[in-house]
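Student: Make a model of the complete structure from these sequences and hints.
Protein chains: 4
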Amino acid sequence: MIRAAIIGAAGYTGGELLRLLRYHPHVGEQHIVAVSTSHAGKHVSHAHPDLVDSSVVFVSEFAAADVVFLCVGHGKAAAWLAEHPLPVSTRVIDLSMDHRLDPAWMYGLPEANRSDIASATRVANPGCFATTIELALLPLRGMLEGNVYVTALTGSTGAGQAPSDTTHYSWRANNVSVYKAFDHQHLPEIAATVGYQNIVFVPMRGSWTRGILASTVVTLANPIDGLRARFNEVYADHPFTHVVEDLPDVKRVVGTNNCCIGMQQQGDQVLIVSVIDNLLKGASGQAVQNMNIMFGLDETSGLHLHPVAY
Amino acid sequence: MIRAAIIGAAGYTGGELLRLLRYHPHVGEQHIVAVSTSHAGKHVSHAHPDLVDSSVVFVSEFAAADVVFLCVGHGKAAAWLAEHPLPVSTRVIDLSMDHRLDPAWMYGLPEANRSDIASATRVANPGCFATTIELALLPLRGMLEGNVYVTALTGSTGAGQAPSDTTHYSWRANNVSVYKAFDHQHLPEIAATVGYQNIVFVPMRGSWTRGILASTVVTLANPIDGLRARFNEVYADHPFTHVVEDLPDVKRVVGTNNCCIGMQQQGDQVLIVSVIDNLLKGASGQAVQNMNIMFGLDETSGLHLHPVAY
Amino acid sequence: MIRAAIIGAAGYTGGELLRLLRYHPHVGEQHIVAVSTSHAGKHVSHAHPDLVDSSVVFVSEFAAADVVFLCVGHGKAAAWLAEHPLPVSTRVIDLSMDHRLDPAWMYGLPEANRSDIASATRVANPGCFATTIELALLPLRGMLEGNVYVTALTGSTGAGQAPSDTTHYSWRANNVSVYKAFDHQHLPEIAATVGYQNIVFVPMRGSWTRGILASTVVTLANPIDGLRARFNEVYADHPFTHVVEDLPDVKRVVGTNNCCIGMQQQGDQVLIVSVIDNLLKGASGQAVQNMNIMFGLDETSGLHLHPVAY
Amino acid sequence: MIRAAIIGAAGYTGGELLRLLRYHPHVGEQHIVAVSTSHAGKHVSHAHPDLVDSSVVFVSEFAAADVVFLCVGHGKAAAWLAEHPLPVSTRVIDLSMDHRLDPAWMYGLPEANRSDIASATRVANPGCFATTIELALLPLRGMLEGNVYVTALTGSTGAGQAPSDTTHYSWRANNVSVYKAFDHQHLPEIAATVGYQNIVFVPMRGSWTRGILASTVVTLANPIDGLRARFNEVYADHPFTHVVEDLPDVKRVVGTNNCCIGMQQQGDQVLIVSVIDNLLKGASGQAVQNMNIMFGLDETSGLHLHPVAY
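Residue numbers (my numbering), protein chains in the order written: chain X, 204 to 513; chain D, 204 to 513; chain F, 204 to 513; chain A, 204 to 513.
Hints were generated in silico from the structure; no laboratory data involved.
There could be a bad hint or two in this list.
One copy or two, it doesn't matter: identical chains are merged, so the pair holds either way.
To be verified - Mimicking EDC-like on lysine to aspartate or glutamate, the simulated pairs with C-alpha atoms at most 16 Å apart in a straight line are:
no., residue 1, residue 2
1, K383, E348
2, K383, E448
3, K383, D449
4, K245, D256
5, K245, E264
6, K245, E448
7, K245, D368
8, K279, D471
9, K383, E286
10, K383, D319
11, K245, D440
12, K279, D319
13, K279, D368
14, K383, D256
15, K383, D428
16, K279, E448
Tutor: Here's what the structure looks like:
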């Protein structure tokens with residue numbers, strides 16, 4: 204069994220890791236170390252009331268573990284590591300932005316880097332928008348021309364747990380809005396992963412809780428037939444990324460670690476629609492997927508999830 | 204024209220008063236004094252971005268007015284009056300709880316007290332839950348027996364503007380929950396208005412922004428035929444309270460100053476369903492209705508509103 | 204392994220069974236017979252697009268199976284059985300209303316009838332409202348007096364798949380409404396299960412998709428201390444029913460087979476709030492729980508679900 | 204006073220016209236002819252339950268009127284006119300698509316054609332997406348280069364009243380999806396109005412009822428300073444179209460006839476965000492605005508609406 208520590212276990216991504224690892228066949232509740240300074244000593248249901256049937260209690264301090272998941276805020280993951288020197292053999296999966304462009308870390312997108320992840324001990328888990336957009340663009344590496352135009356919408360859990368004006372129900376319900384146009388913080392990791400700089404990205408806040416839909420329009424340098432076949436080929440042996448016949452709606456993947464991708468072509472313009480659950484494939488689910496790869500397990504272990512469907 | 208001051212004009216109920224009074228035929232934008240200490244000197248769209256086409260600017264200090272609307276928090280209305288002694292002739296309409304049980308003030312439910320409101324200069328505007336429940340029970344005064352069982356649900360604007368755990372979109376979306384069971388603060392004014400004490404009240408938070416639905420089940424001391432006729436008679440000359448043939452859904456009145464009431468009887472048990480928009484008939488709309496009555500205007504002046512409908 | 208047939212596998216409850224049984228340790232995709240006359244020959248993702256990674260294809264005809272789940276409409280389950288005589292050893296779990304009051308069938312509420320379910324081959328799965336309300340009342344058998352007042356709210360999946368006026372998004376969004384007051388079709392099974400007739404039930408439609416919250420107010424014949432202890436004792440060895448310290452919101456259980464129950468007492472009045480996911484503990488999850496019991500498996504097999512949480 | 208006939212008064216846009224015209228200072232309830240074949244003889248609240256306080260009854264047949272609003276489906280407006288020859292002096296405003304590209308009709312976008320509308324008797328009311336996108340692009344006529352990339356999201360009322368799979372609450376709630384990518388039926392009228400063909404349009408369905416947000420990214424042939432000033436100048440004397448400092452969210456205009464436009468520039472790329480209420484500025488509100496212009500009234504008559512705000 205794998206002993207897994209979650210640093211920042213009272214937050215959104217920490218809570219999702221708890222929900223996944225407690226039923227993971229190689230972890231289980233008794234091998235979870237749920238670290239939370241704010242909730243130390245309390246039952247996990249104090250922060251995550253749905254976990255009423257859990258036996259896990261938050262602890263204040265990290266002790267030894269086989270894998271450490273860093274679920275603390277951006278900037279704090281590097282600080283935590285500085286304060287907690289780990290044996291080189293301990294696997295670390297950082298869900299924050301801190302190491303995604305750091306050459307000493309492996310970028311944890313299995314569809315791009317699976318074999319390197321398998322041998323890595325330091326993995327930087329991709330951003331949620333980044334995952335959605337990279338999976339739409341990876342099969343088009345070397346085929347792009349001009350600007351790539353991306354509009355992507357995220358639910359309220361993308362904004363974190365602290366209440367704010369833009370997560371207030373009275374404002375966000377029945378609403379949609381643009382934010383961070385042109386300069387979202389995920390652009391550098393996207394550019395690095397797909398090898399293309401000219402990405403015009405308009406992020407939006409949607410009126411739902413879970414899920415990201417990215418609508419990506421690209422100009423092909425040389426329009427080709429068989430674009431869908433190319434996507435199918437690239438993702439053939441990746442168990443969570445699925446090319447679909449239509450353009451997927453976001454709820455199709457909510458509650459799962461899946462990414463669904465559909466496309467439509469008109470002349471040299473191609474629309475790619477990709478959808479994920481931002482807390483699963485966009486965060487904690489992908490972190491478990493990376494853990495599975497790093498420990499040589501079946502990539503889907505512990506990720507046979509019940510879709511929300513409705 | 205009537206010069207109207209709104210104390211606390213940057214909040215929810217203050218904003219609704221702005222939206223109503225700017226087009227009121229006896230007020231209009233140039234006769235509004237929008238007092239806000241937090242936003243003084245700024246255009247009203249800083250707090251209420253929908254008011255982009257307004258000419259009103261928040262001011263820091265109250266000056267003279269024909270009517271003063273107190274839209275400050277509970278407890279602060281009395282304090283404001285203590286600091287701002289007003290001529291006795293100035294009409295004051297207090298939307299807070301501070302004076303609802305104060306015998307020196309008139310309780311501003313027109314369906315109960317219209318003629319007394321007409322001659323009053325100090326009116327305590329009823330609470331939103333209180334309005335919904337009182338209008339369901341007023342026609343049954345003297346006919347009740349045993350406990351009255353009320354379940355009422357409110358939208359997120361009932362909780363005010365400050366972000367909190369229970370107004371966070373990630374929690375409130377797709378959710379429903381009970382709060383303040385048995386001891387909601389509106390119970391005393393309801394008991395006083397309908398002359399009945401045995402009210403078992405279970406309030407709930409709903410996943411919408413505007414609107415209250417109250418489901419009230421009463422036991423009749425002597426079951427009667429013609430209950431609907433009795434309701435119709437009581438509300439015949441009240442322009443905003445309508446008895447309907449079915450049981451109304453809450454969206455039927457959102458965006459209006461209306462209350463719709465439906466009922467269903469089975470033996471000695473009667474279900475009354477009443478619905479209002481908590482910010483209009485439950486707050487600012489009723490405040491304008493009271494102003495109209497106090498100034499001898501048509502009761503519906505400025506309240507010919509466009510329902511949201513969908 | 205258990206060979207499981209789902210009759211009506213393209214509907215809501217049939218789809219949920221697919222989602223559960225494909226990962227059930229004693230079933231799995233290769234042992235599912237997904238019968239759908241409307242979708243025969245098509246991949247399950249035609250009806251359930253989230254099941255993109257499944258290998259199951261709908262079939263037109265039932266063949267032999269160890270357990271048959273009837274997910275057809277009310278009235279059609281009895282008709283299906285008449286047309287398909289089954290060996291007495293085949294377990295049948297009927298999710299429709301057809302046999303809930305039939306003495307030849309066992310009523311499938313494990314918290315009430317677990318040992319009888321274990322030896323039954325014909326189990327009538329309880330209604331969704333019925334489950335929520337019965338679990339609130341079971342520990343109070345013999346303690347009730349006068350009327351029991353229940354208000355319960357359900358999401359749109361409770362209304363089935365066929366589009367209608369009351370499931371149209373433009374109407375249902377941001378809305379709440381009462382329907383079938385006093386005479387909901389689940390009342391007889393509730394009365395039979397809790398042994399009490401005087402239940403005044405006001406059902407409501409809520410603006411969400413999954414989940415039921417029931418608010419039940421009872422009068423105790425003899426008010427007692429230790430009410431929570433009594434609930435805890437009754438449900439101590441039932442793995443899905445949890446007594447909680449507060450009054451639970453509905454989203455706490457969405458995506459799980461759990462029921463959470465909270466309570467609050469004031470004199471002889473007791474409020475019990477119970478919540479379930481109507482498609483899981485209220486339908487397909489409970490059906491799998493019953494299957495587990497009938498086959499002597501761990502009651503929680505295949506029901507270690509990921510809560511939606513947000 | 205103006206006698207106004209609404210053909211198809213039981214539908215969404217017909218209902219909105221009822222809500223607007225009943226309080227219009229030059230129309231009023233007694234001058235409305237509400238034609239509905241399906242609801243003839245019934246009170247308008249049968250189709251529009253919020254209109255509980257109306258005196259209007261649906262009629263089966265059109266008689267004479269000063270202005271006729273055609274609120275019937277696409278294709279049916281031309282058919283209706285063929286069956287009902289009208290005096291040339293009768294003003295006709297067609298809310299369907301039937302005459303938007305017909306040179307015998309004036310395209311009813313006041314910001315583009317106000318003076319021509321004033322002298323027209325046949326006005327084709329623009330589409331809802333078309334209005335939102337045209338108002339974003341009009342000030343840029345002659346400045347565009349390459350493709351214009353538009354992503355626009357609409358609420359469920361954009362899909363009409365008939366229940367369907369994509370308006371079913373269980374599917375649409377918490378969801379977002381792309382439809383009619385590249386070939387939405389509004390593209391021809393947009394191209395004709397803004398004088399530019401290369402528009403790549405990705406429409407989306409949002410999880411709300413009212414409102415459209417369009418995100419339009421253009422490449423400027425010659426990037427200029429003072430872009431906002433140009434927009435301000437173009438819309439200076441148009442009372443409903445407002446240039447704002449930030450990027451507007453859609454709820455800012457819901458319930459009003461306003462369009463708010465914000466913009467952000469980066470090099471030769473300009474993002475323009477425009478928002479309207481699809482049933483008001485995108486349909487019935489703009490129809491009343493056109494009526495006002497055609498009859499020489501104040502353009503804002505009857506359109507002083509209460510924003511939904513929350």
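Student: All the hints need checking, so say for each whether the structure fits it.
Tutor: Hints and how they fare:
In this assembly of identical chains, K383 and E348 lie within 16 Å of each other by CA distance neither inside one copy nor across copies; the values are 24 Å within and 24 Å between. Within a single copy, K383 and E448 get their C-alpha atoms only as close as 32 Å, which misses the 16 Å cut-off; across copies the closest is 15 Å, which meets it. Proximity of K383 and D449 under a CA criterion of 16 Å is satisfied inter-copy only: 11 Å between copies versus 29 Å inside one chain copy. For the identical chains of this complex, K245 and D256 are intra-copy neighbours only, at 14 Å inside a copy versus 38 Å across copies, given an alpha-carbon limit of 16 Å.
In this assembly of identical chains, the alpha carbons of K245 and E264 lie at most 16 Å apart only when taken from the same copy (13 Å versus 48 Å across copies). In this assembly of identical chains, the alpha carbons of K245 and E448 lie at most 16 Å apart only when taken from different copies (14 Å versus 47 Å within one copy). Taking CA atoms no more than 16 Å apart as the test, K245 paired with D368 passes in neither setting, with 29 Å inside one copy and 19 Å between copies. Neither within a single protomer nor between protomers do K279 and D471 lie at most 16 Å apart by alpha-carbon distance, with minima of 44 Å and 37 Å respectively.
When the C-alpha separation of K383 and E286 is checked against a cutoff of 16 Å, the pair qualifies neither within a copy, at 32 Å, nor between copies, at 44 Å. In this assembly of identical chains, the alpha carbons of K383 and D319 never lie at most 16 Å apart, being 32 Å within a copy and 40 Å across copies at closest. Taking the shortest alpha-carbon separations for K245 and D440, neither the intra-copy value of 42 Å nor the inter-copy value of 24 Å comes in at or below 16 Å. For a Cα distance limit of 16 Å, the shortest separation of K279 from D319 qualifies neither inside one copy, at 25 Å, nor across copies, at 55 Å.
Proximity of K279 to D368 under the C-alpha cut-off of 16 Å is found in neither arrangement, the shortest distances being 24 Å within a copy and 24 Å between copies. Taking the shortest Cα distances, K383 and D256 never come within 16 Å of each other, neither inside one copy (40 Å) nor across copies (26 Å). Taking the shortest Cα distances, K383 and D428 never come within 16 Å of each other, neither inside one copy (35 Å) nor across copies (21 Å). Taking CA atoms no more than 16 Å apart as the test, K279 paired with E448 passes in neither setting, with 42 Å inside one copy and 34 Å between copies.
Hints 1, 7, 8, 9, 10, 11, 12, 13, 14, 15, 16 from the list above are not met by this structure, while the remaining hints are.
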